[in-house]
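Q: Here the protein sequences line up with chains A and B, keeping their order. Once you know that position 46 of the first sequence is 46 in the working numbering, the rest is easy, because the numbers rise by one and skip nothing. Once you know that position 37 of the second sequence is 37 in the working numbering, the rest is easy, because the numbers rise by one and skip nothing.
Hint data in this document are derived by calculation from the structure and do not stem from the laboratory. Remember, it's a predicted structure, so these values are computed and weren't measured experimentally. Be aware that a few hints might be false.
To be verified - Just some of the chain B residues that point at chain A, by a computed CB distance under 10 Å: (1) C12; (2) G15; (3) G29; (4) Y36; (5) S41; (6) P44; (7) Q45; (8) Y46; (9) I48; (10) H49; (11) L51; (12) N53; (13) L80; (14) K99; (15) V101; (16) F102.
Glycine included, every Cβ here is placed at the ideal spot set by N, Cα and C.
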Amino acid sequence: DTAVSQTPKYLVTQMGNDKSIKCEQNLGHDTMYWYKQDSKKFLKIMFSYNNKELIINETVPNRFSPKSPDKAHLNLHINSLELGDSAVYFCASSPPGRYQPQHFGDGTRLSIL
Amino acid sequence: DAKTTQPPSMDCAEGRAANLPCNHSTISGNEYVYWYRQIHSQGPQYIIHGLKNNETNEMASLIITEDRKSSTLILPHATLRDTAVYYCIVRVHMEYGNKLVFGAGTILRVKS
Numbered sequence: 001d002t003a004v005s006q007t008p009k010y011l012v013t014q015m016g017n018d019k020s021i022k023c024e025q026n027l028g029h030d031t032m033y034w035y036k037q038d039s040k041k042f043l044k045i046m047f048s049y050n051n052k053e054l055i056i057n058e059t060v061p062n063r064f065s066p067k068s069p070d071k072a073h074l075n076l077h078i079n080s081l082e083l084g085d086s087a088v089y090f091c092a093s094s095p096p097g098r099y100q101p102q103h104f105g106d107g108t109r110l111s112i113l
Numbered sequence: 001d002a003k004t005t006q007p008p009s010m011d012c013a014e015g016r017a018a019n020l021p022c023n024h025s026t027i028s029g030n031e032y033v034y035w036y037r038q039i040h041s042q043g044p045q046y047i048i049h050g051l052k053n054n055e056t057n058e059m060a061s062l063i064i065t066e067d068r069k070s071s072t073l074i075l076p077h078a079t080l081r082d083t084a085v086y087y088c089i090v091r092v093h094m095e096y097g098n099k100l101v102f103g104a105g106t107i108l109r110v111k112s
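One chain only, chain A, in its complex shape (with noise of 0.2 Å):
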């Protein structure tokens, strides 16, 4: 009954390769986002879709491709993948309503050789 759910929990792939982590959520929320949180252990947001719609693109490299197929799943697409892609990637969602807390999943640890 995982509030946010990811998958995979863990995903070692190889540098150049394209990988895709998924997220849903079934707390009916409207806004969805990814952070990254990297080896210092700073969590920075990535993304934000509401409603199907992005609404915050931070200073994300554009090999990054967030997709959103409906306003219960927020998809992470990654081209190319680097070394500096290692780090973990987390999934969250609110409610609407400006001051509504987030709710997280339990994250996705990427790991590029």
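Given chain A, put chain B in place with the hints provided.
A: Chain B only, in chain A's frame:
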């Protein structure tokens, strides 16, 4: 974005209250203070938020000073499971959704 300053680490004895301070001297009048925590290998977990009044829920209490330049998160009876990194965040407001800007946080170690 208003910035926050937190001590890098704190220790607390199990069963005692844990008081985690946060400075946010540049906070603007309509910005809320949020607290999240991250237990090892898990995603951040929302704890509590407030504007200017003190707030309490089943997890914690939030005390915000009258000038709103600082706040304290209180875990009334800390347990070993409360060991985590605690983040104090001033929320960046947007029309839809909100951007959480995480700092380094405070590592709270609860010891038996």
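Q: Name the hints, by number, that the structure is in violation of.
A: 1, 2, 3, 12 and 13
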